[in-house]
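Enquirer: Single-letter residue listing:
Protein chains: 2
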Amino acid sequence: MGVDGADGRVPLGSLGALGEAAVLARILPRLAPAASALVGPGDDAAVLDAPDGRVVVTTDTLVEGPDFRTGWSSPYDLGWKAAAVNLADIAAMGAAPTALVVALAAPAATPAPHLEALADGLRDACDALAPGCGVVGGDLTVSPTFTVAVTALGDLGGRAPVLRSGARAGDAVALCGDLGLAALGLRLLVAEAVDPAGNPDAARAAAVRARHPREVEAQLRPHPPLAAGPGAAAFGATAMLDASDGLLLDARRLAAASGVRLDLRGSAVPPEIFGAGEDHALLACFPRGTGGGIAPLPDGFRPIGAVVPGKGVTVDGVAADERGGWDPYADWDGAR
Amino acid sequence: MGVDGADGRVPLGSLGALGEAAVLARILPRLAPAASALVGPGDDAAVLDAPDGRVVVTTDTLVEGPDFRTGWSSPYDLGWKAAAVNLADIAAMGAAPTALVVALAAPAATPAPHLEALADGLRDACDALAPGCGVVGGDLTVSPTFTVAVTALGDLGGRAPVLRSGARAGDAVALCGDLGLAALGLRLLVAEAVDPAGNPDAARAAAVRARHPREVEAQLRPHPPLAAGPGAAAFGATAMLDASDGLLLDARRLAAASGVRLDLRGSAVPPEIFGAGEDHALLACFPRGTGGGIAPLPDGFRPIGAVVPGKGVTVDGVAADERGGWDPYADWDGAR
Chain A
1 MGVDGADGRV PLGSLGALGE AAVLARILPR LAPAASALVG PGDDAAVLDA
51 PDGRVVVTTD TLVEGPDFRT GWSSPYDLGW KAAAVNLADI AAMGAAPTAL
101 VVALAAPAAT PAPHLEALAD GLRDACDALA PGCGVVGGDL TVSPTFTVAV
151 TALGDLGGRA PVLRSGARAG DAVALCGDLG LAALGLRLLV AEAVDPAGNP
201 DAARAAAVRA RHPREVEAQL RPHPPLAAGP GAAAFGATAM LDASDGLLLD
251 ARRLAAASGV RLDLRGSAVP PEIFGAGEDH ALLACFPRGT GGGIAPLPDG
301 FRPIGAVVPG KGVTVDGVAA DERGGWDPYA DWDGAR
Chain B
1 MGVDGADGRV PLGSLGALGE AAVLARILPR LAPAASALVG PGDDAAVLDA
51 PDGRVVVTTD TLVEGPDFRT GWSSPYDLGW KAAAVNLADI AAMGAAPTAL
101 VVALAAPAAT PAPHLEALAD GLRDACDALA PGCGVVGGDL TVSPTFTVAV
151 TALGDLGGRA PVLRSGARAG DAVALCGDLG LAALGLRLLV AEAVDPAGNP
201 DAARAAAVRA RHPREVEAQL RPHPPLAAGP GAAAFGATAM LDASDGLLLD
251 ARRLAAASGV RLDLRGSAVP PEIFGAGEDH ALLACFPRGT GGGIAPLPDG
301 FRPIGAVVPG KGVTVDGVAA DERGGWDPYA DWDGAR
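Protein chains in written order, with the numbering used here: chain A, 1 to 336; chain B, 1 to 336.
Watch out, some of these pointers could steer you wrong.
Claimed, not checked - Here are the in silico distance ranges between beta carbons for each label pair:
(1) ALA203(A) - ALA203(B): 47 to 55 Å
(2) GLY236(B) - GLY259(A): 31 to 39 Å
(3) GLU192(A) - ALA22(B): 29 to 37 Å
(4) HIS223(B) - GLU192(A): 48 to 56 Å
(5) ALA227(A) - ALA207(B): 54 to 62 Å
(6) ALA207(B) - ALA206(A): 54 to 62 Å
(7) ALA227(A) - PRO271(B): 50 to 58 Å
Hints listed in this document are in silico derivations from the structure and should not be mistaken for laboratory results. Please read all numbers here as calculations on a predicted model, not as lab measurements. Built from N, CA and C at the ideal position, the CB exists for glycine as well.
Let the hints inform the model, and build the full structure from the sequences given.
Expert: Have a look at this one:
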């Protein structure tokens with residue numbers, strides 16, 4: 001056994017050449033400590049403050065191929081997005097993110113600076129999206145397939161978690177954040193950022209990104225509206241989820257969990273966003289104001305419909321049954 | 001796009017043919033709820049009880065190739081081991097495991113029953129090793145490389161966490177659990193459970209396992225002594241870690257973190273176990289009894305040496321500087 005940099009198979013400066021301990025020594029100083037960390041990276045486990053007496057936890061993975069292409073996503077983008085998608089799930093419970101742990105599996109030939117940039121992306125996403133949150137631990141291993149599995153933890157600050165199952169007929173349906181931008185960004189990359197053989201191409205991706213910064217940024221380096229999650233909870237949201245798999249699919253999940261129908265207004269939700277995933281907008285329901293008037297909504301949310309008796313999702317009262325949303329097994333065929 | 005079972009490339013009954021939702025519907029009922037779960041799987045995130053006001057968190061990944069071979073590990077073994085190695089890190093902080101989240105990335109052609117068996121292994125490992133602990137959430141995605149990233153959470157029950165850095169000169173060094181068995185199991189599999197081309201072979205592995213059940217079980221389905229972790233903490237352990245990377249490497253880590261030397265007794269630690277990893281024994285230090293006598297040790301721990309001033313690790317006073325332990329980048333060359 002033994003891998004060294006001299007045989008030409010494992011490049012100098014790569015994970016395989018440096019070894020786990022040396023790579024960790026380069027990554028760990030780049031991570032900012034989490035405000036909640038009582039014990040940070042370096043021991044068998046981290047210890048976090050959980051003053052609420054409860055902890056919120058979620059995990060989401062980015063795999064090279066189905067979830068990202070190294071020709072399009074820089075290592076920094078990848079770290080940012082791996083943090084952001086997990087932070088969004090914490091916010092969708094009405095909680096504030098407190099910490100991340102990161103399980104990273106990378107090919108032995110990966111240059112160490114790529115992992116440093118990935119760590120920078122993780123750190124900067126926490127700083128920008130959820131100040132005080134940071135990476136408190138992780139695992140670094142070798143794999144033929146670049147994989148970033150992040151687990152995020154969060155704190156409810158004394159509030160009840162906002163589940164998918166709490167919507168009641170009469171509630172308003174509201175949305176916070178963009179829908180459709182990330183999918184548009186992906187479509188632009190697929191159409192314009194590939195070489196003649198159809199493979200992702202970094203130079204073309206940079207050009208597409210310069211021409212369409214909002215769309216490509218939404219896809220590669222998303223900025224979900226995290227503060228709106230605890231804000232919605234404090235405002236009395238009855239149900240909420242991270243609408244990251246397409247509005248129609250996620251609205252259907254909320255309707256099913258709550259045993260209600262969601263009737264969306266067609267003028268508020270154009271059909272082209274029904275199946276558009278990866279935006280990490282927050283879909284939430286709020287009690288209608290007294291006297292049956294228009295429901296007051298917290299900052300950042302716009303009304304898109306109403307909760308009514310029944311099941312499923314309708315648009316202006318008409319069934320919206322076409323399949324929508326992203327299923328990694330049904331929608332991606334590169335893993336065979 | 002679109003993957004179906006009719007084109008012969010994605011087998012009927014596989015993840016690719018069934019899709020994510022159908023596979024989750026088969027897995028989730030097999031998982032026992034965690035006693036601490038206030039909100040279990042199915043929402044954006046889980047919510048756990050954390051009555052201590054702190055939470056312990058760790059993550060560890062098993063990747064096909066460097067960490068397991070499907071010719072040797074059954075899916076049930078894999079689920080068991082993925083749980084056990086993470087539970088051991090929680091115990092090594094002196095905490096009791098409360099919950100797991102599991103990020104699973106599997107090839108589209110993986111038969112759904114394999115994932116059901118993996119879920120059974122996760123559940124049974126929790127039930128056997130840390131009753132009350134269970135899977136509270138996860139993520140299922142497609143990947144060319146079978147990868148199981150588990151994050152474990154734990155509760156300190158009001159005790160201080162036991163770090164690597166607390167050992168003081170005069171402490172006793174003690175060990176709980178087997179050392180060397182898992183490495184012996186791996187050596188037996190490498191030597192005897194391969195086909196003529198050198199590839200892992202399930203039938204030969206079964207025969208090796210029948211002949212050497214303790215060794216192969218220690219490698220494929222480990223039973224780390226989890227209750228000894230909180231036990232050691234309650235007994236006043238000054239430092240502790242999960243000695244899963246080989247005794248010498250892990251003893252060196254504890255010595256470096258604590259700023260002391262660990263002098264091991266040669267009669268208690270034969271050299272052949274110095275570099276033997278994956279046993280998940282607990283290495284701990286305990287204050288010597290009053291009057292300088294033999295330190296009392298909690299149940300399950302045996303004395304293997306003493307903490308003395310200095311640095312590094314010695315055996316009967318002689319420097320033990322040879323490299324020991326497992327580094328996934330330096331020790332595995334299959335990822336290129």
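Enquirer: 48 to 56 Å was suggested as the range; check whether the CB atoms of HIS223(B) and GLU192(A) agree with it.
Expert: holds (55 Å)
Enquirer: For the hint 47 to 55 Å, verify it against the beta carbon of ALA203(A) and that of ALA203(B).
Expert: Since ALA203(A) and ALA203(B) have Cβ atoms about 51 Å apart, the given range 47 to 55 Å holds.
Enquirer: Evaluate the given range 54 to 62 Å for the C-beta pair formed by ALA227(A) and ALA207(B).
Expert: Since ALA227(A) and ALA207(B) have Cβ atoms about 59 Å apart, the given range 54 to 62 Å holds.
Enquirer: Given the hint of 31 to 39 Å, is the C-beta distance from GLY236(B) to GLY259(A) inside that range or not?
Expert: violated (53 Å)
Enquirer: Could you tell me whether the CB distance from ALA227(A) to PRO271(B) stays inside 50 to 58 Å?
Expert: holds (57 Å)
Enquirer: Kindly confirm whether 29 to 37 Å is satisfied by the beta carbon distance between GLU192(A) and ALA22(B).
Expert: holds (35 Å)
Enquirer: Regarding ALA207(B) and ALA206(A), is the given constraint of 54 to 62 Å on their beta-carbon distance met?
Expert: Cβ of ALA207(B) to Cβ of ALA206(A): about 56 Å, so the range 54 to 62 Å holds.
When the structure is compared with the earlier hints, a violation turns up for hint 2 alone.
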